[in-house]
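Asks: Next come the chains, spelled out residue by residue.
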Amino acid sequence: MSASSLNTDALDTNVLDTDALDMNTSNTQALIADSRLARRFAALKAADRAALVTYVMAGDPDPETSRDLLERLPAAGADIIELGMPFSDPMADGVAIQRAGQRALANGQTLFRTLERVRDFRRRDDDTPIVLMGYLNPIQRFGEDRFLQAAAEAGADGLILVDLPPEHGAALTARARDLGLARIPLVAPTTPPERLPKLLAQGDGFVYRIAFNGVTGTRRTDIAASLGESLSELKRRSPLPVAVGFGVRDGDTAAAVARVADAVVVGSALVERLAETGVEGALALTRELAESIHGARKSEA
Amino acid sequence: MSTKMVDLPDEHGFFGGSDDRGQAGRGYGGRYVAETLMPLIDEIEAAYDEARADPAFQARLDELRRDYIGRATPLYFAERLTEHFGGAKLYLKREDLNHTGAHKINNALGQALLASRMGRRRLIAETGAGMHGVAVATVAARLGMTCVIYMGATDIERQQPNVQRMRLLGAEIVPVHAGTATLKDAMNEALRDWVANVDDTFYIIGTVAGPAPYPRMVRDFQSVIGRETREQLLAMQHRLPDSLVACVGGGSNAMGLFHAFLDDADVAMIGVEAAGEGLESGRHAASINGGTPGILHGNRTYLLQDDDGQIRDAHSISAGLDYPGVGPEHAYLHDSGRASYVAVTDDEALEAVALCCRLEGILPALESAHALYHAGRLAATQDPDQVIVVCLSGRGDKDMDTITRHLMPEEADS
Chain B
1 MSASSLNTDA LDTNVLDTDA LDMNTSNTQA LIADSRLARR FAALKAADRA ALVTYVMAGD
61 PDPETSRDLL ERLPAAGADI IELGMPFSDP MADGVAIQRA GQRALANGQT LFRTLERVRD
121 FRRRDDDTPI VLMGYLNPIQ RFGEDRFLQA AAEAGADGLI LVDLPPEHGA ALTARARDLG
181 LARIPLVAPT TPPERLPKLL AQGDGFVYRI AFNGVTGTRR TDIAASLGES LSELKRRSPL
241 PVAVGFGVRD GDTAAAVARV ADAVVVGSAL VERLAETGVE GALALTRELA ESIHGARKSE
301 A
Chain Y
1001 MSTKMVDLPD EHGFFGGSDD RGQAGRGYGG RYVAETLMPL IDEIEAAYDE ARADPAFQAR
1061 LDELRRDYIG RATPLYFAER LTEHFGGAKL YLKREDLNHT GAHKINNALG QALLASRMGR
1121 RRLIAETGAG MHGVAVATVA ARLGMTCVIY MGATDIERQQ PNVQRMRLLG AEIVPVHAGT
1181 ATLKDAMNEA LRDWVANVDD TFYIIGTVAG PAPYPRMVRD FQSVIGRETR EQLLAMQHRL
1241 PDSLVACVGG GSNAMGLFHA FLDDADVAMI GVEAAGEGLE SGRHAASING GTPGILHGNR
1301 TYLLQDDDGQ IRDAHSISAG LDYPGVGPEH AYLHDSGRAS YVAVTDDEAL EAVALCCRLE
1361 GILPALESAH ALYHAGRLAA TQDPDQVIVV CLSGRGDKDM DTITRHLMPE EADS
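Residue numbers (this note's numbering), protein chains in the order written: chain B, 1 to 301; chain Y, 1001 to 1414.
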C-alpha cells in the first residue's frame, strides 16, 4: 500500500487485508473476556508467573528496524506488546520515549502506518496481544470511529490513552468495547480510592498501575516496596490483572515487581537499549528481563 | 442563549457545550490530562471556587493589586495615533505600566495566592517571552516561595534580559531543548515536572489554556483589565467602546479585556493573531485563522497541526505569541461569532512598534504591537465618534534586540 493513500481516503475495510480480520469481523460484539489478553493472562496464571509487557515505539528508529524488533519480541520473551503511537508532544513521557517518537516521526511514521504494522504482525502471530498506547490528538485527527474500527480490524487488542480520563472517555470506551478492544485504565499513586470505581468501570483487559508520580523512564529500584497495599486494593475492587510500569529498568526490579503484580511493563529501558545497541541489544535485554520474571516466584518459594 | 456567556464554562470545563456524559461535542476546553494529575486538578478547582467566594482572599488580592502591581492601570487616549489614522478614537489600556511590565502579573499573583492557600510552596511555570516567567518569579519572591521556570532554549537566547531578571529574582531557569525549544515545549516540560512533584508543587499556567479550571481561573484573574476599562471609559466618555482589540497567543490579555463585555452585544471584540511571515507562508502562529480543532496541553481547542495530528511549529517574531494553540474560550467565541480573529504579520507589528514610539513615546511589546497595528487599520475605516480600546499588554524593553535588528540594522551591526 502506498504511503500517499494514507491521509486522503477513509480507511474502510476494503483497504485492509481481510485475512487478518479473523476474530473481529464475524462478531463485532467479540467478548473481551475471551480475548487474546484474557487467554494470555489465564495461561500465565496457570504457569504461576507474571507477564513481561514490552513497550516499543512504532516506527522507531525507522519502519524496517521497528518491524524487525516487533516480530522478534515474542520469541525473546515478551508476553504482551505495548506499541507506542508517536506524538509530537508526549507530556507524560520522559526523554527516552520523547526521542523515540521524534525519531519515528522524522522517518515518516503515521498513525496509519502504525495500524499497518499491527496488521502485519498479526498475520504471523495470532497469540501475542498488542496494546496501542498514545495520546488522543492523532486519533481524533484520524477520526475516533475510523481509528477504533481500523485498530480492531488490524488485530490490536487494547488501547492505553494517556490523556483521555474517564470523565471524557465514556463514549470512546463503549465503542471500543463493541469492537472487542480493551480500554486499559491507568491508575496513579495519586488516584484516591473513591476515584477507582470511575476508572474501573471503563476498564477492560488489565489495569495499568503507574508505579510512581513522574514521567516514563525515571530510574527507580524501590518500586515493588512502594506499591504497598495499593495492589491488593485494586484486586479487591476488580477481577482484572494488574500490570505495573514506569521506571522498571533491570532484571532485579522486574523480578521484585513480578512477585507482587500480574505483569511488569518495561518501556524506556528497552527503547534506550534499541537506540544504543540496535535490535540485538533490545532483544538481549528482553531475554534478560523475561528470565528474571520467570524465575521471580520460584526463587521466592 | 439560555446561559449568559460570562457564566461559561459548564461543569465539565467546556465552553460552548458538552453532552451529558462530559464529551466535548463541539465544545472547547475540558481536562485531557494524565491520571496522575486528575486528582490534583480536582483539588485546585475546589480550592479555587472556595477562594473565589472568600472575601478575605479577594481583599488580599485587591490590596496587592493596588499596592504591589500598581493597579488600576490608566486607560489612555492616544491622541496622536488617533490623529494619524484619522478615524475612530484610540484608547490604550496600559497594562505595560503594571509592575514587571505586562499583564502577566495579574494572573501570577492570583494563582500564587491560591497556591499559598493550598499549602504549596513550590511554584513552576512555563514562559515564552519571559514576561510570565518574570511575573511568577516576582510573586514567588514576594510570597517567599521556591520558583522553577521552564523556558525553551530558543527563547532563552532571544529574551536574555528577562532570563537574567528571573535569576536575579531567585528563580531557577530550566532550558528546554525538546521539540522546537519554544513555548509549547516549555509547557510540556512544566507538565512533566508537575507529574513528578504533585505533592508540593503548584503549576502557574500563564495563559487561558490548559485543563479546566485553568482557562476560567486565568480569565477571572485577568478580567480586572476589562472591568477597569469599562468603568474608566464610562467615567470619561459615558459610553461603552465600539470595539476591543487585543493580541492573541494563548489569549489571556484578550480574554481579560473581553470578559466584562461579553454580554454587551454592541461591543465588537477582535483578537489579533500572529501571522508571522504571512498565513499563506505556513510560518505563523495563527491557530484560529490557520488551524483546526484538536487536543493539546489538556484542552480541546484550535491547534496548528498536520494531517496526522502532530503539532506543527508556530512562528512569530514575538516569543509571547509563538504558540501553536489558543485558549478554548477564544475557540468558542470564534465559532459562536461573538468575537472575530484577524492576523497581523511580523513586519506589520514592527511597523506599529515604530509608529507608537514616535507618536506616543511608548515602546510596546512586540505582542501588543500586533493589536496596535490592527487597531490602526480599523480606526482608519471608522468615524471620529467611535471608540476603540486596545490592550497594550506589555512594554517592549525585552524586545530591544529583535527590534534593533529589524528596524535599525546599522545599530545592530555596530
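Derived from the structure by calculation, the hints contain no laboratory data. One or more hints might be untrue.
FRET-style restraints, in silico, Cβ to Cβ [what the hints assert, rightly or not]: (1) B:A47 - Y:G1119: 45 to 51 Å; (2) B:A284 - Y:D1313: 35 to 41 Å; (3) Y:Q1160 - B:A275: 29 to 35 Å; (4) Y:M1400 - B:E280: 51 to 57 Å; (5) B:A201 - Y:G1170: 52 to 58 Å; (6) B:D62 - Y:H1177: 43 to 49 Å; (7) Y:V1174 - B:E229: 33 to 39 Å; (8) B:R219 - Y:H1177: 19 to 25 Å; (9) Y:E1063 - B:D222: 42 to 48 Å; (10) Y:S1340 - B:D127: 53 to 59 Å; (11) Y:D1199 - B:A106: 34 to 40 Å; (12) Y:D1347 - B:A201: 43 to 49 Å; (13) B:V95 - Y:D1313: 33 to 39 Å; (14) B:A201 - Y:D1199: 25 to 31 Å.
Examples of chain B residues lying across from chain Y (beta carbon under 8 Å, computed) [said to hold, decoys possible]: (15) A106; (16) N107; (17) V187; (18) I210; (19) S226.
Just so you know, even glycine gets a beta-carbon here, dropped at the ideal spot from N, CA and C.
Asks: Name the hints, by number, that the structure is in violation of.
Replies: 5, 6, 12, 13, 15, 16, 19
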